[in-house]
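One letter stands for each residue in the lines below.
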Amino acid sequence: MQIKDEIDKQEKSGEPAGTVFEPKIVAFCCHYCAYAAADLAGSMRIQYPANVRIIRTPCTGRLEVGYFLKAFENGADGVLVAGCLEGGCHFQEGNLLAKKRVNYTRKLLEEIGVEEDRLRMVNVSAAEARPLADNIIDMVKTIRKLGPNPLKG
Amino acid sequence: MIVAQRKIIPEILEKLKYHKKILVLGCGTCVTVCLAGGEREVCIIASALRMASKLHGYSLDIEELTIERQCDNIFIEMAAEATERNDAVLSLGCGAGVQAVAERYPYKPVYAGLDTAFIGILEERGVWTEKCIACGECVLSDYGGICPVARCAKRLLNGPCGGSKEDRCEVSPDRECAWQLIYRRLKDIGQLDRLKNIAVPKSWNKSRDGGYRVIIRDDHRI
Ligand code: SF4
Ligand code: SF4
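As they're listed, the protein sequences go chains A and Z. The first sequence runs 2 to 154 under my numbering. The second sequence runs 112 to 333 under my numbering.
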């Protein structure tokens, strides 16, 4: 609970109780790294916010622009794509493709009128439970600042 | 093949804003290959339009469909019911596709979702280049298979212009000089002597100055 408490304290300071926005974040996690890291976080008792809904993907290179858009269309406040470290993709270049697609989608989101920072890609190895948790915490902070998905308004 | 790219969402939205129900119609041929108007792009653009229209205070009701080929009535027919139940069509076909769909459904507004750019090829992953402007009278055989009409910035039939630097075109240094390519290619195939011929001015009668062109094959008509 320590980490959760930490960010809660940080984020909720100055806010009246019960008004803090709890974003829903879809996290596409690669089976070979981030998903395993999330697993490891569990074994190591490292907490990360419950705001993320993890979807396991065989490789981030499998992800399409349409998947990210659908997540937002269906109400996600943020989308996190977590792939292997650059150079460490199980399929050589899947994470590099994912990075390009994420960047393309960020531009498209701007055209649509949704803040591009709602979509982010991070890179972690299967051993990096702590960095994964930190990335998730940081994403939650970003989305809290941005507020709810404007499509829900 | 025909190469195109998508228009930006605000531009498309501006055209659609007076309608409620839209059919986003993809084409499974050229524009699928150039990643502009196939099934995947239909899904992306439909999603983008749904979201953007909602943020603008009106929600477009969007149906998605991709047919095999938009420039052919036999396939366009397969979009008949979907076209019928929507107020307008956003075509992700090339310019020919958009027009073919509009002609087939005379009372339905049809809008273009793509900018059709050129006849070209996939050069490498994610890169397409123009190869032909459909001039109507092909001269490729005289130039080793490299088109001076489409690929030389000055369309010189007797080149190079004298401005090329190394193998770069003087008009834009990020383009190869077509004449350098022609020279190299003719050398490689042992036809350099072709360059001794001075080409007479090209006849543009078969090009587009007399309005749109028609080809009639009587042997295929009843
Ligand atoms: S000569 Fe004309 S038809 Fe032939 S490739 Fe060039 S533009 Fe196309
Ligand atoms: S540099 Fe080459 S391609 Fe460019 S205009 Fe001159 S001859 Fe044509």
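Don't take every hint at face value.
Stated by the list, open to error - Calculated lysine to aspartate or glutamate pairs in the EDC-like style (CA-CA distance at most 16 Å, straight line):
hint	chain 1	residue 1	chain 2	residue 2
1	A	Lys153	A	Glu23
2	A	Lys108	Z	Glu175
3	Z	Lys118	A	Glu94
4	A	Lys71	Z	Glu175
5	Z	Lys317	Z	Glu241
Hints are computed from structural coordinates only; laboratory data are not their basis. Quantities reported herein were computed from a predicted structural model and do not represent experimental measurements.
Here is how each hint holds up against the structure:
no. : hint                 : verdict
1   : A:Lys153 to A:Glu23  : holds (14 Å)
2   : A:Lys108 to Z:Glu175 : violated (22 Å)
3   : Z:Lys118 to A:Glu94  : violated (29 Å)
4   : A:Lys71 to Z:Glu175  : holds (14 Å)
5   : Z:Lys317 to Z:Glu241 : violated (20 Å)
Violation of the numbered hints given earlier is confined to hints 2, 3 and 5; the remaining hints are satisfied by the structure.
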